[in-house]
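For this one, chain S is given, so just place chain D with the ligands on it according to the hints.
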Amino acid sequence: MAELLNVRGLETQFRTREGLVHAVNGVDFSLKEGETLGIVGESGCGKSVTVMSMLRLIPSPPGKVVAGQAFYQGKDLLKMSDEEIRHIRGSQISMIFQDPMTSFNPVLTIGRQVAEPLEIHQGMNRKQAYERVTEMLELVGIPKAKDRLGDYPHQFSGGMRQRVMIAMSLVCNPSILIADEPTTALDVTIQAQIIELAKELRDKLGMAMIWITHDLGVIAGLADRMAVMYGGLIIETAPVKSLYATPSHPYTLGLINSLPRLDMDQYHRLESIDGLPPILMEKPVSCPFAPRCTFVRERCLQENPPLLESAPDHYTACWVDPATGRDRS
Amino acid sequence: MGRYLIRRILYMLVVILVVSFITFSLMHAVPGGPFDKEKKLPAEIIANLEKRYHLDQPLWKQYLSYLNDVFVPQFASEGPKGLVVDDDFLINIKITNSFWIRWMNFGPTFTSRSRSVNDIFRQNLPISVQLGLMALMIAIVIGVPLGIISALKQNTVWDYLGMSVAIFGVSVPVIVLGPLMIWIFGVTLKWLPPTGWGSKPPYFLGVFPTNLSWDYWRTAIMPSVALGLGSSAILARLTRASLLQVIREDYIRTARAKGVKERMVITRHALKNSLIPVVTILGPMMAGLVTGTFVTELTFGIPGMGKYFVTSITNRDYPVIMGTILLYAVFLVIANLLVDIMYAYLDPRIRYD
Ligand SMILES: Nc1ncnc2c1ncn2[C@@H]1O[C@H](COP(=O)(O)OP(=O)(O)OP(=O)(O)O)[C@@H](O)[C@H]1O
Ligand SMILES: [Mg+2]
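Those protein sequences? They're chains S and D, same order as listed.
Each residue of the first sequence is one higher than the last, beginning at 1 in the numbering used here.
Each residue of the second sequence is one higher than the last, beginning at 1 in the numbering used here.
So that you can see chain D by itself, here it is in the shape it has in the complex:
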């Protein structure tokens, strides 16, 4: 297992490098640049701006210097003005008081002079990740039990009810569900805050909220449900199909022939087997949810990452595009690794070595 993990991590680095290369190439292959505005800027100003952000250099040079900024750890010792640690680099590790290892400088943003990409990562990205993960939780907590009930009560009212909820879930988009929820629970009933997000830095591991309060959950519940409902429907249908399939397997008949109680036939013999295919789609699903928060954030007025991610592309804000895609890629690769580990845990036929 240890060797497997090391191999996976190395492989992860390769994936990230490839992703960075493809993103960089595509980004520059698209016509237009960051300073092409509706009102054309004078040529000298553009030249100056490009010089300031090193866009006048050959592409390969830009790429290599980007890689250097992001991937190569830098060392810092105290300068004349003291050490300013949490500005340029996302990760700052203190070795001694005056010696720091600093890593991942994602550079400036072209659209806002006062904010760097790291600022976005520190303040907005965690919110999106939290939203995505909570939506995944919601998807699992609603979807899997719904699927199990539907399968066990196949072709009864419960089954039809469960699957209707599931069809509703996949077919109603966030853009309809979100405002509807805000109107019902936020405005009319006033049960939940209609907009916003209740977490602030500092974040644990740069992502998870440290100041959890009742209000945090109350704010989070509507957007998470709005975002996660579609996925919960997918999980419900998959769980149902998988459990129905497993119940017909020979080993279930064997269990019954041994005199196992019907309840134990399901819990001990069927469930674990039926969750194997469900777990495999959790990786891609988590990816979709975490990176697909844009509309939900817009609907619920959540200061997440989505806005920056989407506008950075139309604005050709190269550092934001690169940084976001790279971080998302890291996130996805880790998600897939976790899924594979879980997979091996569920299915003894799979062993990594």
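For reference, chain S alone in the conformation it holds in the complex:
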């Protein structure tokens, strides 16, 4: 299928009081039409900053995208004018956020907030927009949607609010939906419902998705392809089956081994990854995972491994093959 989005060498930094934070250090990925890309990685590894950089939503100051390109339908999102990118946001590429409570404006009605993209991008008047909003709210499963247009965000439960958020992001039929940990703030049963809803809507509307999470278990059933991030870099990316079946980076391996599995006996201890996530105060020259890696060698401390094809369509940034414990050639 045709390529929709292509990100190359994305680098974003934050100027903070403690110094320059290298949040994203050269990220490459691409997204095909209708494809779902899952991005996983622990807190602070740069997942949010990556996608926000693409949409130029990084607060500046302190943040700045210092390098890279992000081609969407042949145009570089990072180079286009403010007006152009504004017209893409919310209409062609839209985003949903982690906390459905704080992501809605508390003093505006749900109707107005969900209708806003329609009014901005499709020039609808309030009445036309409200009709479409009602349809959309029904689609995401808000009961009595028409009567709730005048309600405020605090009158909805967390799960309902996230549904409304999804409706708001899809109201203009975007070709890409970016979801930044949309279920982290919800309880487990609601999480499952939201993921189910996302799957359903994707199949119905056919948009591509980037789904950010730190829950490997959740994403397996949703994504076509996975990207694992560590220290502001993608360290492994592969089709979802291949990634789970043959994780080729020690960090990914660690992540998968830390998941509980049904076929484990009850005395089996979950494995954890020792050590702490890297401090991003300088651009990594060596492998950022090296200090925590059990396979670490001399070379890992001197050269940061590039993302290379380790198996067909399976890319890994590691000098060692954790399956055999030997150096990659």
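The hints are all genuine.
Once the Cα atoms are required to be at most 20 angstroms apart in a straight line, the calculated EDC-like pairs of lysine to aspartate or glutamate come out as:
| # | chain 1 | residue 1 | chain 2 | residue 2 |
| --- | --- | --- | --- | --- |
| 1 | S | K64 | D | D250 |
| 2 | D | K261 | S | E84 |
| 3 | D | K37 | D | E50 |
| 4 | S | K64 | S | E83 |
| 5 | D | K39 | D | E50 |
| 6 | S | K146 | S | E131 |
| 7 | S | K204 | S | E35 |
| 8 | D | K153 | S | D82 |
| 9 | S | K64 | D | E262 |
| 10 | D | K261 | S | D82 |
| 11 | D | K272 | S | D151 |
| 12 | D | K261 | S | E119 |
| 13 | S | K204 | S | E33 |
| 14 | S | K79 | D | E262 |
| 15 | D | K261 | S | E83 |
| 16 | S | K241 | S | D321 |
| 17 | D | K272 | D | E249 |
| 18 | S | K127 | S | D147 |
Keep in mind that the hints were calculated from the coordinates and are not lab data.
Only chain D with the ligands this time, still in chain S's reference frame:
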């Protein structure tokens, strides 16, 4: 909302009663009396005066009769000399030609035989209230936009300029600013009248001027700015801080992610939220301004309430102290009620029922 209002009004009555009790107790607990002068009066004269003003009676009796005079409506029908309506009582409501309901007799003043407390309330209090309210207007009109500009242009020349004005505003007292303004605009440039106040009775609702003229505004502008500038500085700093905080909120990011124009992000999504904390301090601020007019009135030669309020305490002029404090209390409670209503209007999460 209706039930809420009724509850608030009942609660207001309780507050006023408590205030009256505390004021009365404190006032009598302070040593000295209204007739202790530098030159001691003969004991018989003091006794006579005290008898005339019922100060010889037990305190509880004085208190109850005061409450009766002020709070309990009285009825009047035409007497032999006809009806003299607007003397003793502040509020006179005509039912029929010969039947009136009269309310709030605040009594005589001890310092001036010819004037009652009500006379002060009719002639001087409205001026102070007008001055206080205009100062509040000035504070809002200068402070809020200044705060918004400073926040939007954070860390630029505009921000520093705005905040310097704000620091100037809080740190220069009326007693310096007032004479300076009089000297520049009143005496040297002769743009504005240096002293006085341009309103006369009758007043609408007993407070607001009915004969508004160009001269009224010209006289009012300097004292209002002098009094309001400090508060405008406070509002500017608060608005700035609040807007800067709101701009970092998640929902502002959401608005940008939807493609909302930057100008609309501010006007539609940020402003209303950022004004919520600003509105909450308007109540106490209005209180401070209306009751804090003394120095401004003195500086600009304004015949307001301040002088009476301050001297009544040193003079132990009990009826003036009681009356002023009670009226101010009523005023403040109403101000707070208005703020709470405005608050609910701004923030849908707050509902009164
Ligand atoms: N506004 C900011 N100012 C300074 N540093 C920032 C800012 N936003 C992000 N960072 C830094 O960028 C790095 C990556 O942050 P990011 O939010 O992308 O992490 P994440 O992978 O999304 O984590 P999480 O799972 O917690 O959402 C972090 O180390 C963080 O400290
Ligand atoms: Mg994040």
